[in-house]
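Peer 1: Each chain, written out:
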Amino acid sequence: MPSEAEHAFLQFDQVKKSYDQKTLVVKGFDLDVDRGEFITLLGPSGSGKSTVLMMLAGFEGVTSGDIRVENKSITRTAPYKRNIGMVFQNYALFPHMTIAENLAYPLQVRKMAKPDVKDRVNEYLRLIEMPEFGGRYPGQLSGGQRQRVALARALIFEPSLILMDEPLGALDKKLREQMQYEITRLHEQLGFTVIYVTHDQTEALSMSSRIAVFNDGVVQQCAAPAELYERPKNAFVADFIGENNFIPGTVSAIDGAEAKVAIPGGEIIAVAGDGLVVGQKCVVSVRPEKLFIQPTSHAYDNEVTAAHVTHHYVGDFIRYYFRFADGTEINLKVLNDLAAPNFSAGQEGKLAWLKKDCIAFPA
Amino acid sequence: MENSLSREDGRNARRELNRRRIAAFALVIPLLVFIFFAFVAPIATILYRSVYNPVVSDLIPETLAALDAAEWDRADVPPDDVLNVFSAELSLLAQERLSGRLAEEINRAIPGMSSVVRSTSRAVRRMEQDTLLSEGGQTLLDANDRWGDVAVWRALQDAGAPYTEDYYLTALDLQRAEDGGIEARDGARIYVTLYTKTLRIALIITILTLILGYPLAYFLANAPSKSANMLMVFVLLPFWTSLLVRTTAWIALLQTNGVVNSFLMSIGVINEPMEILYTQTATILAMTHILLPFMILPLYSVMKGIDPSYLRAAMSMGGRPIPAFVRIYLPMTLPGLSAGALLVFIISVGYYITPALVGGTDGQMISNIIAFHMRESNNWELAAALGSLLLAIILLLYWVYDRFVGAGNIKLG
Ligand SMILES: Nc1ncnc2c1ncn2[C@@H]1O[C@H](COP(=O)(O)OP(=O)(O)OP(=O)(O)O)[C@@H](O)[C@H]1O
Ligand SMILES: [Mg+2]
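Here the protein sequences come in this chain order: C and E.
If you read the first sequence in this note's numbering, its first letter stands for residue 1, the second for the next number, and so on.
If you read the second sequence in this note's numbering, its first letter stands for residue 1001, the second for the next number, and so on.
What the hints contain is simulated information worked out from the structure, not anything from laboratory work.
Beta carbons are placed, not taken as given, at the ideal position from N, Cα and C, and that holds for glycine.
Which residues of chain C face chain E? A few of them, derived with a C-beta cut under 8 Å, are:
no.	residue
1	Ile84
2	Phe88
3	Ala92
4	Phe94
5	Tyr105
6	Pro106
7	Arg110
Let's have the full structure, built from the sequences with the hints guiding it.
Peer 2: In structure tokens form, the structure reads like this:
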């Protein structure tokens, strides 16, 4: 986390953007990024992720606010002077140039001497493990190979900052995982700073040092993956990251960081979310894998009663569906072992979980 | 597993392939038939016509045979018996009222011979064949002493060859020399001048449409689709109005007291009206306007397919806008650019109606002279030769283009 005293490497300061002079697409975007961090912007489609990236790269103007790199404003700097590498979703490799020429382009515009260009190109071809491919044209490469070349091309002029807008969106699952590994490897090896945009939350969770969850033009929460998953700041983040059950209830008491909540299946204790007040309606979020069916050997603080609806066999686990008296459905995952219980439809069961595994958000 | 096909498999694969080829061929048969009758056959006829002219050999076959039999050396007037045969044939032609045709053909080679042939044919018309065959030669020489000129007989023999390259020589401003070699024709070099002028005009038009069309196509391709569609209608509008109407509109604009001159005079740029109409400038202006869509459409369709991220990528890597445009964008538009340029150039090289209407004498192009020979001077053979040369020039240019740019680079849509 950037310290308060010193300025961060990259700072977004109340950045706003409107395309049509009427509505704001990005409303007050604030983010501090340290050198070498891998930051992912994650959010639903149309939430303004690409717009933020385009403003950072200089292809879209900033309506108001400021973007600073090393405490120098770049808001008015032309894109070709920003020294920011960018990987595009469609790779944007120049089809009329060979791979080597593609890689050489950013060096040539920087007037690097010819032999140096050649050495550097070869070095980066080796780095992406494609030393034989210099003479080929982009059209003669597979999707994954093109992606690697695009990555190398964005890195070869050693920019301090790399932007990637859904770089793996067009690849199939297997190749995507391979490329995720590749990007992480290069990031660790070369130590550049990354701003990464994706739809895919597993990708975000496994690669990033921090994730900024984006919705409706503002950052809902920016935190390390584990924190985001375990301690979501609001109901949107809790819902967007991973799976969650939401149980409606009413706050009956608040004791420090804990809240007592009355829900249809009984009274429970939950972590109190920001802005929770006594007597207020709220939703309690609890993840399916944190729930257990009684009898269980796991420790628990909360216990409620619900009727079994059905269960789905998924393979390594079984998903059970229960319904509370008011009709709210809740599901949980149980490991597919000998302890997995048998239920018939309508049969009552007791569900239990720890109070630290559920959070009450104001409704 | 064996990877190669067994014999049976190979046979099946070939049969399958053949079936598909036949099916594909059947689909294009109507087009091929149409192309044959509407395109290949007429062009072949034209080519043939430009070298084959049997008129004289049909009119005086005996004389030509006699010239061959006498092994005439072309140095002196042919022997008497040849002259006798000719006088007899001329008499026959006069009786059948065909001597005029002969006069016309010989007149083309030696101007002024028309009246000689006509008067002589009147003289021999009523004489007996036998008399002519024995002493007709003297009658010829008595009727007109030009029959004693060896050049006339040379012209007669040359015109008598059914296959001739004369029309091509004429079309290139050349002629046969006395000794049978090839020399420049004296007088103005009409046709070569006209060819160079035509190519120059076509080139200027191509460059103008390129200069005007490229930025517009770029703008259209990058505009939001709503306004792009609107503007596209304006680009296509010329296609929907008759060519004649558009050309006439240019006449209204450019004439001495037309819109352009009145406007320029009223704002005081010029004091006297400029002569624009019936000049080369008028031809170039009107044709640029008419051919502009042929440049814009291929460019637009190619540019439309170019993702804006290419230029962005170039800029993110530090390329300045103009060098990046030249190095990255321009090569990607090359297919549309060459298609458009080729299209405009080839169409304008053969353009007829606009130069005919607004070009005056100065703005005429090769097609106009071809039309002149077909409709007014009735010299179809020369028209055919001029047309074939035009075709050859275009094919040559295409070949050069293919060598340096590659025809595979053309993209029309
Ligand atoms: N050039 C533009 N002109 C006008 N509106 C735009 C433009 N680009 C994006 N928008 C609008 O801005 C909003 C945010 O778009 P943006 O592309 O940043 O979303 P995103 O988060 O990248 O979405 P996705 O995940 O689908 O890529 C959208 O509502 C979009 O319609
Ligand atoms: Mg996007």
